[in-house]
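Trainee: One-letter residues, chain by chain:
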Amino acid sequence: MTSSNSIIAENLTIKRDKVPQFLKGLSEYTIYAPVQDGDTVLFKTIEKPDKITLHYSNSVQSPKHIVLPQTETMLKIEKSEDNIKIDEPEINEKQIIFGIRPCDAKAIASLDKVFLDGHVDTYYLKRRENTVLIGLACNEPHRNCYCTSVGGAPDSTDGLDMLWTDLGNSYYVTVLTKKGKELISKFKIFSKADDKDTKAKDKIHKAAIGSMSEKINTEGLPGKLDKMFEDKIWEDIAMKCIGCGCCTYLCPTCYCFDMNDIEFKENVKRVRTWDSCQFSSYTIHTSGHNPRPNRENRVRNRIYHKYKYHYDNFNELGCVGCGRCTVHCPVDMNLKEIIKDLTE
Amino acid sequence: MSGLLARKNSLKRLDLMIEIESNIKTKVKQLLKDGKIKYFIGYEKGSDIIHCTPCFIKDPKDVKKLIWDPFCVNNLVGFLIEDKKRELKKDEKPDNRPIGILVKGCDSRSLVQLISENKITRDEIVIFGVSCPGVIDLEKFEALLKEKNITIEDSSDLTCKDDGGNYTFKLGDKKFTVSKNKVMFDKCKDCTNPNPELYDELFGEKIESGNKKNYTDVEGIESLSLDKRWDFWSEHFSRCIRCSACRKVCPSCYCKECVVDTADLVITPKTTYKEKENKSVWIEKNVDLPENTFFHLTRMMHMAGRCINCGECERVCPMNIPLSLLTRKLEKDVKEMFDYETGIDTEAKPLLSIFEEDDPGDFIK
Chain A
1 MTSSNSIIAE
11 NLTIKRDKVP
21 QFLKGLSEYT
31 IYAPVQDGDT
41 VLFKTIEKPD
51 KITLHYSNSV
61 QSPKHIVLPQ
71 TETMLKIEKS
81 EDNIKIDEPE
91 INEKQIIFGI
101 RPCDAKAIAS
111 LDKVFLDGHV
121 DTYYLKRREN
131 TVLIGLACNE
141 PHRNCYCTSV
151 GGAPDSTDGL
161 DMLWTDLGNS
171 YYVTVLTKKG
181 KELISKFKIF
191 SKADDKDTKA
201 KDKIHKAAIG
211 SMSEKINTEG
221 LPGKLDKMFE
231 DKIWEDIAMK
241 CIGCGCCTYL
251 CPTCYCFDMN
261 DIEFKENVKR
271 VRTWDSCQFS
281 SYTIHTSGHN
291 PRPNRENRVR
301 NRIYHKYKYH
311 YDNFNELGCV
321 GCGRCTVHCP
331 VDMNLKEIIK
341 DLTE
Chain B
1 MSGLLARKNS
11 LKRLDLMIEI
21 ESNIKTKVKQ
31 LLKDGKIKYF
41 IGYEKGSDII
51 HCTPCFIKDP
61 KDVKKLIWDP
71 FCVNNLVGFL
81 IEDKKRELKK
91 DEKPDNRPIG
101 ILVKGCDSRS
111 LVQLISENKI
121 TRDEIVIFGV
131 SCPGVIDLEK
141 FEALLKEKNI
151 TIEDSSDLTC
161 KDDGGNYTFK
171 LGDKKFTVSK
181 NKVMFDKCKD
191 CTNPNPELYD
201 ELFGEKIESG
211 NKKNYTDVEG
221 IESLSLDKRW
231 DFWSEHFSRC
241 IRCSACRKVC
251 PSCYCKECVV
261 DTADLVITPK
271 TTYKEKENKS
281 VWIEKNVDLP
291 ENTFFHLTRM
301 MHMAGRCINC
311 GECERVCPMN
321 IPLSLLTRKL
331 EKDVKEMFDY
341 ETGIDTEAKP
351 LLSIFEEDDP
361 GDFIK
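Just so you know, the protein sequences line up as chains A and B, in that order. To convert, note that position 199 of the first sequence is 199 in our numbering; the numbers rise steadily by one, no gaps. To convert, note that position 259 of the second sequence is 259 in our numbering; the numbers rise steadily by one, no gaps.
Bear in mind the hints are in silico, worked out from the structure with no lab data behind them. Hints may contain errors.
Said to hold, decoys possible - List time: in silico DSS-like cross-link candidates among lysine-lysine, alpha-carbon distance up to 30 Å:
no. : chain 1 : residue 1 : chain 2 : residue 2
1   : B       : K256      : A       : K269
2   : A       : K126      : A       : K186
3   : A       : K232      : B       : K58
Next up, chain A with everything else stripped away, as it sits in the complex (with noise of 0.2 Å):
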């Protein structure tokens, strides 16, 4: 993304009583970490890191938010009898997602191509600088998790300055880029990492990709969907969609966005919010017609840009395989059987 993304490997490792004053030094830093919240674990500003919990298989809501905010003032328009002030909100908090999944950082490196590739989103741009991602590598992954399907490891350091791996009583830490080098250059409760160590981490990183369930080959999805616009399919899946946004909002790779002018006291701002494509307010015209009128078609769409769309314009797949949209979709839909499906 940036220059600070110079890759560097540097492998240490952390004591796991350590963590906490380690966090407790970032006092600079906003820190973003899951957090257990009723029955559900979030990603959430934590002022005292023994709020954090690092056993969790995936958080309910991707920390996608966290750059890319569900609901971003752009600018308040402010009317005076001979003025109209225009501002600009200032984005400059520096903050830390700690104990990220990697196939969240993954979806933020995808999200990266899409705001800062090309035509640069400088919202989007000022609040990624701005971040640093520590990485937990997963040890359990879930079952309704499918990574390894569409180009991703419960290892994997895409889009993350370092990874963390628990190994028991510390953490192996693989330092990835400078940004991750100079937060913890001032630390000195990290020590070098030795063979037992390396061994001990690709240990785990073997058994957890081991443990995942069957892998399915999505080579020529991209391909295949070519040729599958007016197929049945979608008619078939769509029948039991209710329609809902559950499957986007909890995407860490949905970015679709909407604007709208305010009134806000007696000015107006300018407003991005998240978007869905399964809404059908989504894509109805000025004029009253609705280029997706039914639920097959919107469906359709959201599979055709994760296997798609995304491919053909970035050369990767949109979906990083974390699973949320089958674990929390509310008719149970099953999105890792129809890509299997539609890979036969």
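Since the structure of chain A is already known, use the hints to place chain B on it.
Mentor: Below, chain B without anything else, positioned relative to chain A:
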């Protein structure tokens, strides 16, 4: 649903050896063969052995997919409305045959409500009613498995024996017995209508419920001060991501023009610009506490006397917002103030469309 249920996963399909299920299959197959119904809406095996998912059977060959067991939780009634909303494709001929549907006690009340609101007519549906001893809350079930250190990958077979008060589950070589109350949905614990209110075919023997409504949880919230109540709901509503799962899963949320949509979906190419000018945006798209609160409370106001408490909105909420507290509050108020029960009688007029002189009015201030 009593007796032994066996789930076989070998063909990625379930094969339930129970009488009710097999009777359902036989009847559905006959209806489809005779061309009496357009399709049948029921349940089939889902993404793993504990999930099930709605299915739409058009071909008699596919009838074998159908399942009926204590995991069949979805209220399928909303799909009937969706069928009506669907725009016909070019050259597609309308199929006016009725749709077959499987309903539990609570689901049947959704159906009654929709019929009383003239959204569905009786001759558009063939109702397969099934007496329901309660359905299993998967969140509770998965927590139980975790507590017992069992993972569902342990086996591809799950059997469930129902002895009235308990379930005995067998997953591979792991076996455990648990009180039904521990794994049942909260809504089922004080269910007073386990039997379908309306049906063409009834499956299973009628169940004597003997339950009384228990509103302890609602009363707990009612007893809080206004500030505390506001804090409680603010905390929950601020978590809302406005994915619309609650509204889309709800059989009673069928309006084509909804206050939530910023783009007005009833605008057609024939709508004039003058008419468009007068369309209001009621709820902005920004996701924050005021808009979220307005969304949920507006939805609830429109549910008064119409919601039958199937609990689907709470079940599907990915952010775990306790929406049933609100829907149960509605149910309680409607009963206490107007002695009205929703979804019992298809001839009954919807509560908010009738007025009686002795209706209480002291809540209008």
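Trainee: Quick check: which numbered hints come out false for this structure?
Mentor: Failing hints: none at all.
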